[in-house]
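> One-letter residues, chain by chain:
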Amino acid sequence: MLSGDPALYSVVFRSLLFSGLATILAMLWGTPIAMLLTMKNFRGRSIVKGFFTTLIGMPTVALGLILWLIFSKAGPAGFLGILYTPAAVIIGEAILVTPLIVSIAVTAIESVDPEMMHLAKTLGASESQASIAVLKEAANGVIFSNVAGFNRAIAELGVAWLVGGNIVGLTDVLTTDISMYTNRGDPSSISYAIAFAVILLVIVFSINIIIILARNPKVLATFGRSPQ
Amino acid sequence: MTVLVEVKNLAKSFGTKTVLSDVSLKIEEGEILALLGPNGSGKTTLLKTLAFLEKPDGGEIEFLGVTVTEKNAERLRLQSAMVFQRTLLFNTSVYNNVAYGLKIRKVPKNVAIEEVAKALQLVRLEGFEKRSAKKLSGGEQQRVALARALVLKTKLLLLDEPTANLDPKNAGIMEEVIAAVNRDLKTTVVMATHNMFQAEKLPTHIALINDGKITEVGEPAEIFGKLSKNLATFAALDNTFGGNTTDTGSGTTLVEIGNGVYIEITAQKRGEIRIFISPQDIILSKAAVESSARNVFRGKIVAVVDSGALVSLTVDVGKPFKVQITKRSFVEMGLNLGAEVFIAFKASSVQVI
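Residue numbers (our numbering), protein chains in the order written: chain A, 1 to 228; chain B, 229 to 581.
By construction, these hints were calculated from the structure, which means they are not laboratory data.
Glycine included, every Cβ here is placed at the ideal spot set by N, Cα and C.
Please note that a few of the clues may not be correct.
Chain B stretches covered by chain A per the calculated footprint, using a threshold of three residues with CB under 8 angstroms from any CB of chain A [stated by the list, open to error]:
(1) 301-312
(2) 325-338
(3) 350-356
Please take these sequences and the hints and turn them into a complete structure.
Here it is as structure tokens:
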């Protein structure tokens, strides 16, 4: 069953695509937010930082419901007509992972020597060029924040279920399919659910292994060493 | 002489702490100006203000005849470069570090490659382009930082204690390069230091700074010659002693520095004088050794400061002497706190300040 079922491939593809696009979207607005929170001094900065940290723990179902209310016909963004479309899933997941991406990126940028900004300026950099120099120093952490964001997006159920509606072949993803097949309860459906769960676990664990390797390349060397 | 930078009545506070008050200073084109003062005297803040990194609370700075404002600071800053006390490197190759300012200035790549190679040669790191900057030794890292500033050939070079954390070899290379750049490219250098020895060797002028105020500006001979009270307060930290002289009758002079310690010097000075012995000129041994050194004292190690390749010891012989030895010597000699040792230095190593 794991091999050759085109429906299965399309679900895996949609899962990767939706979470990937959601992460890119969250990165595009999350990185500037993180830069703003670390490099600009303004009133209430620590409150905003705390706000993002708190939102990391946002239950996906709660966010899914809020977004459903916003995207539904009577809601403020109802005119967009994107409820139960891939766009709603992507935007929803992007909003879901933004606090995580912002918080990790903030920590990464804050760990860069505060004098780096000054250094870049003394070498002729403008304010924005100096900010980019600092961001480059925090590159590892910023990349990690995006991987972590992707991880959360692909593994979440609530948002995809509520604003995507699990329309088979259009908005269904691995997590929503696992939930749907398990609910059906017949042996064939359960085996589908198990297969999807295995694939999801493989994807998530692979990402985690990549993170570990990227943060500590020595681990790879340990694996490669032949036994004495 | 053309004035490159003129500082007028500069004031700067951080919160309630006044860091600079009413600082006025003229920096002439082509000179090396040392800002000599103890830690916390405002040297770094003054340098950062000269680099337009810190906005002064009061007063103004004229750079190349133009008053620095928030609007033109970014453009004027292209004419200066700064090396920080704590080595700051981008986490990338040596080449990318040194080429950073050139890239900002949109210098074509082939020119940049050539200029970086020349700058690295100047700091004696030729061929280091592809090395990872952060994997170099401390001294090499600071030389990369210097090359990164030098490659820009700016009119003004600001150096914040550039050799403070370096061993004598690396510090020597840095000093030679600074002198060479000043001589050959006529780069104006402003250098913060608390090292009197450095201040005496390199600069054209010295500005004494203490408690955020410039107390005196003059040529090294002038400043060290007349021994200002300001200099004496903080210079007293390192192997600087005052005392009365007596003639030995054999061409040298004895200085009594207190607690029964007499130092023999070659200078023919009389009366109350101040002397200085560089920590690097003092030889440390476990037993009294026969040598030509006229000054030999027995004492105890009362403090040990590990600073990388070097260990800085304080030996109490009645008066505390700072001695610098390599870590290897320290380990091989089996030294430790409280150990009884001998220190020796030549009469000619003693400088009258």
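> Would you mind marking each hint as holding or not holding in the structure?
Results of checking the hints against the structure:
With a cut-off of 8 angstroms between beta carbons, the region 301-312 of chain B has 7 residues touching chain A; three or more are needed, and the interface restraint holds. Taking a C-beta to C-beta cut-off of 8 angstroms, the region 325-338 of chain B contributes 4 residues in contact with chain A, enough for the three needed, and the coverage statement holds. Counting residues of the region 350-356 of chain B whose beta-carbon sits less than 8 angstroms from any beta-carbon of chain A gives 0, not enough to reach three: the coverage restraint is violated.
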